[in-house]
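Since chain P is already given, all that's left is putting chains G, E and C on it; use the hints.
Protein chains: 4
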Amino acid sequence: MTLDFKPGGAGLRTRIFQIIFESDTPLAKGFDIALIGVILTSVLVVMLESIQSLRADYGDLFYWLEWGFTLAFTIELAVRLYCLDKPLRYLRSFYGVVDVIAILPTWLVLIVPGAQSLVVVRLLRVLRIFRVLRLMQFVGEGRLLLGALKRSVHQIFLFLFTVFMLVTIFAALVYLIEPAEAGFTSIPTAIYWAIVTLTTVGYGDIVPVTPIGQAISVVVMLIGYSIIAVPTGVFSAEVIRSIRADRYSDEACPGCGHDRHEKRAKYCLRCGTWLDEDTPDPRNDDAPSTDEA
Amino acid sequence: MTLDFKPGGAGLRTRIFQIIFESDTPLAKGFDIALIGVILTSVLVVMLESIQSLRADYGDLFYWLEWGFTLAFTIELAVRLYCLDKPLRYLRSFYGVVDVIAILPTWLVLIVPGAQSLVVVRLLRVLRIFRVLRLMQFVGEGRLLLGALKRSVHQIFLFLFTVFMLVTIFAALVYLIEPAEAGFTSIPTAIYWAIVTLTTVGYGDIVPVTPIGQAISVVVMLIGYSIIAVPTGVFSAEVIRSIRADRYSDEACPGCGHDRHEKRAKYCLRCGTWLDEDTPDPRNDDAPSTDEA
Amino acid sequence: MTLDFKPGGAGLRTRIFQIIFESDTPLAKGFDIALIGVILTSVLVVMLESIQSLRADYGDLFYWLEWGFTLAFTIELAVRLYCLDKPLRYLRSFYGVVDVIAILPTWLVLIVPGAQSLVVVRLLRVLRIFRVLRLMQFVGEGRLLLGALKRSVHQIFLFLFTVFMLVTIFAALVYLIEPAEAGFTSIPTAIYWAIVTLTTVGYGDIVPVTPIGQAISVVVMLIGYSIIAVPTGVFSAEVIRSIRADRYSDEACPGCGHDRHEKRAKYCLRCGTWLDEDTPDPRNDDAPSTDEA
Amino acid sequence: MTLDFKPGGAGLRTRIFQIIFESDTPLAKGFDIALIGVILTSVLVVMLESIQSLRADYGDLFYWLEWGFTLAFTIELAVRLYCLDKPLRYLRSFYGVVDVIAILPTWLVLIVPGAQSLVVVRLLRVLRIFRVLRLMQFVGEGRLLLGALKRSVHQIFLFLFTVFMLVTIFAALVYLIEPAEAGFTSIPTAIYWAIVTLTTVGYGDIVPVTPIGQAISVVVMLIGYSIIAVPTGVFSAEVIRSIRADRYSDEACPGCGHDRHEKRAKYCLRCGTWLDEDTPDPRNDDAPSTDEA
Numbered sequence: 008m009t010l011d012f013k014p015g016g017a018g019l020r021t022r023i024f025q026i027i028f029e030s031d032t033p034l035a036k037g038f039d040i041a042l043i044g045v046i047l048t049s050v051l052v053v054m055l056e057s058i059q060s061l062r063a064d065y066g067d068l069f070y071w072l073e074w075g076f077t078l079a080f081t082i083e084l085a086v087r088l089y090c091l092d093k094p095l096r097y098l099r100s101f102y103g104v105v106d107v108i109a110i111l112p113t114w115l116v117l118i119v120p121g122a123q124s125l126v127v128v129r130l131l132r133v134l135r136i137f138r139v140l141r142l143m144q145f146v147g148e149g150r151l152l153l154g155a156l157k158r159s160v161h162q163i164f165l166f167l168f169t170v171f172m173l174v175t176i177f178a179a180l181v182y183l184i185e186p187a188e189a190g191f192t193s194i195p196t197a198i199y200w201a202i203v204t205l206t207t208v209g210y211g212d213i214v215p216v217t218p219i220g221q222a223i224s225v226v227v228m229l230i231g232y233s234i235i236a237v238p239t240g241v242f243s244a245e246v247i248r249s250i251r252a253d254r255y256s257d258e259a260c261p262g263c264g265h266d267r268h269e270k271r272a273k274y275c276l277r278c279g280t281w282l283d284e285d286t287p288d289p290r291n292d293d294a295p296s297t298d299e300a
Numbered sequence: 008m009t010l011d012f013k014p015g016g017a018g019l020r021t022r023i024f025q026i027i028f029e030s031d032t033p034l035a036k037g038f039d040i041a042l043i044g045v046i047l048t049s050v051l052v053v054m055l056e057s058i059q060s061l062r063a064d065y066g067d068l069f070y071w072l073e074w075g076f077t078l079a080f081t082i083e084l085a086v087r088l089y090c091l092d093k094p095l096r097y098l099r100s101f102y103g104v105v106d107v108i109a110i111l112p113t114w115l116v117l118i119v120p121g122a123q124s125l126v127v128v129r130l131l132r133v134l135r136i137f138r139v140l141r142l143m144q145f146v147g148e149g150r151l152l153l154g155a156l157k158r159s160v161h162q163i164f165l166f167l168f169t170v171f172m173l174v175t176i177f178a179a180l181v182y183l184i185e186p187a188e189a190g191f192t193s194i195p196t197a198i199y200w201a202i203v204t205l206t207t208v209g210y211g212d213i214v215p216v217t218p219i220g221q222a223i224s225v226v227v228m229l230i231g232y233s234i235i236a237v238p239t240g241v242f243s244a245e246v247i248r249s250i251r252a253d254r255y256s257d258e259a260c261p262g263c264g265h266d267r268h269e270k271r272a273k274y275c276l277r278c279g280t281w282l283d284e285d286t287p288d289p290r291n292d293d294a295p296s297t298d299e300a
Numbered sequence: 008m009t010l011d012f013k014p015g016g017a018g019l020r021t022r023i024f025q026i027i028f029e030s031d032t033p034l035a036k037g038f039d040i041a042l043i044g045v046i047l048t049s050v051l052v053v054m055l056e057s058i059q060s061l062r063a064d065y066g067d068l069f070y071w072l073e074w075g076f077t078l079a080f081t082i083e084l085a086v087r088l089y090c091l092d093k094p095l096r097y098l099r100s101f102y103g104v105v106d107v108i109a110i111l112p113t114w115l116v117l118i119v120p121g122a123q124s125l126v127v128v129r130l131l132r133v134l135r136i137f138r139v140l141r142l143m144q145f146v147g148e149g150r151l152l153l154g155a156l157k158r159s160v161h162q163i164f165l166f167l168f169t170v171f172m173l174v175t176i177f178a179a180l181v182y183l184i185e186p187a188e189a190g191f192t193s194i195p196t197a198i199y200w201a202i203v204t205l206t207t208v209g210y211g212d213i214v215p216v217t218p219i220g221q222a223i224s225v226v227v228m229l230i231g232y233s234i235i236a237v238p239t240g241v242f243s244a245e246v247i248r249s250i251r252a253d254r255y256s257d258e259a260c261p262g263c264g265h266d267r268h269e270k271r272a273k274y275c276l277r278c279g280t281w282l283d284e285d286t287p288d289p290r291n292d293d294a295p296s297t298d299e300a
Numbered sequence: 008m009t010l011d012f013k014p015g016g017a018g019l020r021t022r023i024f025q026i027i028f029e030s031d032t033p034l035a036k037g038f039d040i041a042l043i044g045v046i047l048t049s050v051l052v053v054m055l056e057s058i059q060s061l062r063a064d065y066g067d068l069f070y071w072l073e074w075g076f077t078l079a080f081t082i083e084l085a086v087r088l089y090c091l092d093k094p095l096r097y098l099r100s101f102y103g104v105v106d107v108i109a110i111l112p113t114w115l116v117l118i119v120p121g122a123q124s125l126v127v128v129r130l131l132r133v134l135r136i137f138r139v140l141r142l143m144q145f146v147g148e149g150r151l152l153l154g155a156l157k158r159s160v161h162q163i164f165l166f167l168f169t170v171f172m173l174v175t176i177f178a179a180l181v182y183l184i185e186p187a188e189a190g191f192t193s194i195p196t197a198i199y200w201a202i203v204t205l206t207t208v209g210y211g212d213i214v215p216v217t218p219i220g221q222a223i224s225v226v227v228m229l230i231g232y233s234i235i236a237v238p239t240g241v242f243s244a245e246v247i248r249s250i251r252a253d254r255y256s257d258e259a260c261p262g263c264g265h266d267r268h269e270k271r272a273k274y275c276l277r278c279g280t281w282l283d284e285d286t287p288d289p290r291n292d293d294a295p296s297t298d299e300a
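Protein chains in written order, with our numbering: chain P, 8 to 300; chain G, 8 to 300; chain E, 8 to 300; chain C, 8 to 300.
Bear in mind the hints are in silico, worked out from the structure with no lab data behind them.
Mixed in with the good hints, there may be bad ones.
Among chain E residues calculated to face chain G with C-beta under 8 Å, some are [to be verified]:
hint	residue
1	89
2	167
3	209
Cβ atoms here follow ideal geometry from the backbone N, Cα and C, with glycine treated the same way.
One chain only, chain P, in its complex shape (with noise of 0.2 Å):
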């Protein structure tokens, strides 16, 4: 997380600041997995309390947990805003927002009966533990798969713009042809059914019944089974070249110019020069001379 909002004092807000806002100290990553514990356990409770037998049973038991895990956590966000130079703009961060909604359904529900399942949105906090795994082996792996996520996304949007508009004219030409018992009731509702069908989900909830809509319909499947290659092709291959672009620098030899070795290289795979130019070649104080490396 970024450290704008950081206080620039050494007292107690900073000391808070270290415990609830970093966690390179033991205590501080002890708070953050605390809260992580009681984020899951309120998500339990809510998922608890949909049950229709367990709500007869413990229904009061879980409205003053609900309570109390929502100002455990609004005074969690009181602290965490005291301790910020800046506590508009953390705000208005990702974190920030956050911690707002995650509050937000339970004061909601003194206001609008029913919202307070929303509260669920509250295990969007424990991205939180990303915090906690920066510091270990994850981290470096997330980003190189988010890296590929990121630049596939053009080419899975153009994609997608493609399927959409597949599905659309598929959905109408079903329309037209299936009679409304079969349940094409509308294009929305046609083209509900064609996401099914492409995604290759297939509830069964609406089928075409008549032979020409099964034709049409065996289309679709078909275009849904084979264009699955292509988000999987295009993840692949930048995930491949990721792996591969972790691996090597881009920087050329200052001798040939050649400009694909390993990171880990000390000399020209192809001249032998000195790559490191910030240091001296330490050939020129060692005897044995390698100068073709």
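For chains G, E and C alone, coordinates are given in the frame of chain P:
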């Protein structure tokens, strides 16, 4: 888009041509974007009209809107044809055919009732969007994807051919084994079931009920689950090949004619000739002879 | 197709042989294409006959057409055998077996009623199409795909073996937990359900109804959704390897031992040595010395 | 399998050990294959017994067969333990645990009725097949696959974690929107529905009925259809990396310590030292000095 139909003069026709056929001036770009907006709105109207409850309330509105869009598109097509020197040739081009198809269904409805829903093919006109996008980043990537698709087409055709043969044989087997009550009323229906199964769509409208029928359908499922690897593998390999090909230049070496160098190459890999003809070869100036490049 | 059965002489038998077994003369090619047309038509007839309403109207026509095709194919097989020197050997070959299977069901129907639908295996005869295609571009690509498939077979077998073991254990678990009314009447049925789930087909004819059963099926789904990566990954890697192997030779340069040249390379990319040891180096004739190739 | 439990002596115990624990003599191999046959048969019996109609007719036979297999496996386990020096250590090993689990359910059934179906975990004993296969071609490939899987595990875990978070949030949304009659009775049930949808299984036992619910499920489907690319891409990249790594040797150069040469390399790529220490460097004999190896 090809400019074969371009008018020769420089009067009104030429100005209209520049606005509605090209997209490199602000006015032309604005026209394209407005056009796409109108197309999408007209498609939306067709979709909304297909919803029973909305049709009951706003049927008349939809009716007049639809005629309004059709008249607008008809006039637009007339203007397009007017400002071209070879209007017939445009009508035979891809965009020309799409333009005609986009207005045909509404006019047809005067003769054949019910054809109206086909108006969604109007969506194809949105392909014009690629003309706007061409000026942006997308196209290079789209072309890379399309190139990979084209080179995969033969292999994916072979694959689909084999799949269809397998599907027919399995369908005939299951048709023999399963009772008609389970839904396997004919071999074409059984083929429909087999494709629903092989593509892992699995509607569940027709399912095998005998143990042998279930055993055969398990085989079809496992085949479908495994061979999805074929189009995916082929396409992935092609994308990777495309990306790599992107790294190579097609310019031939002036010395030996070798024409597959990495773009960053400065000397021919085959005969050592200096490749960049616009600047002098540094070897001729610098003293340190780097014969071993 | 292997030409082991080829007749030695040059009379009528040889001419017939050239027409029906080979495909390099226009007549032979025409025969092949006509044959494939007839085969596809006969398969179509079987399909149409299976449709109740068509059978009611055209039953007799279908009956006589079917016997017509069977007689034609029987005569064709007789002619094939006649013009071969080793007819028995042909009957034991792949195409021979297919030819016999293609006519057997209709003859069998004189004894066993109902076997007729098996006539669709006649579709296998269409494999002869590959003989025509061989002369075209397809085959190189088909062989590349087949090669990649063959090299993936061991790994995909291992994969399917593991999958089947997992599936059986999960099926037994769900069989224990779910009531028989939900459709889990026996372990084999539960295995059928598990494969329907793992391959993401999901008919919905048998679904878990208890929370624990649903939890287990969620695990099966996630496994199925993730491990599809295994055959896809293995096959993609093999295709990429095939494409690369296709372009590079493994023969080492006699000069420097470098052994990764493109097949089209004439000189070693590293030391300029002439690679084709059977013919003399043209450089020894030509004046322009390109020592540094 | 590790040979840590191996008996020291050379008497009967050692001979039994060689037969039932190793697989390099014909007798030991035969024992392994026979054992696998018996295991598969016993699993088959459990499966058949679960079929109502067969149990009615052959219930007694199945009962006695089951006890026969259990006794046989119990005796086999006893013999295994007898011929080992550290039997307890074996019981804690993977195969030891599996051996115990394989006989436990039948003995348990004396106390807890119904546990019998768990006997299929006996199938896990078939993993012993890998001991036989180890001597064959499979293992190298299996290890390659397993290595690729292991290196993908972190990334696939990250992926599943993200998926599960998305799924929970979408499930809560749909739970709020859809009426309970559609089947969305609680958030856990909605999560079950979301995973059924995201993995493209699509049973159809619970489907959205409101337009907004259908719109959300379309989003879930498209996400599921697209992100399948992630595990596939990651695993493909790992397999390709494994295959490539297979081409490299890990032995260090005696000259400079560089330890990533292609296996076919004869000279170090970094310092030109002769790598094969067992044979003399041909450069020392041959006149044509090839300094540039």
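- [ ] Have a go at the residue 209 of chain E hint: is there a Cβ in chain G nearer than 8 Å to its own Cβ?
- [x] 5 Å, holds
Open item on the list: Hint validation: residue 89 of chain E versus chain G, beta carbon distance must be below 8 Å. Holds or violated?
Closed with: Residue 89 of chain E check fails; min Cβ-Cβ to chain G is 29 Å, beyond 8 Å.
TODO: Grab the minimum C-beta distance from residue 167 of chain E to chain G and call the hint holds if it beats 8 Å, violated otherwise.
DONE: Holds, about 7 Å.
In the structure shown, a violation is registered for the earlier hint numbered 1 alone.
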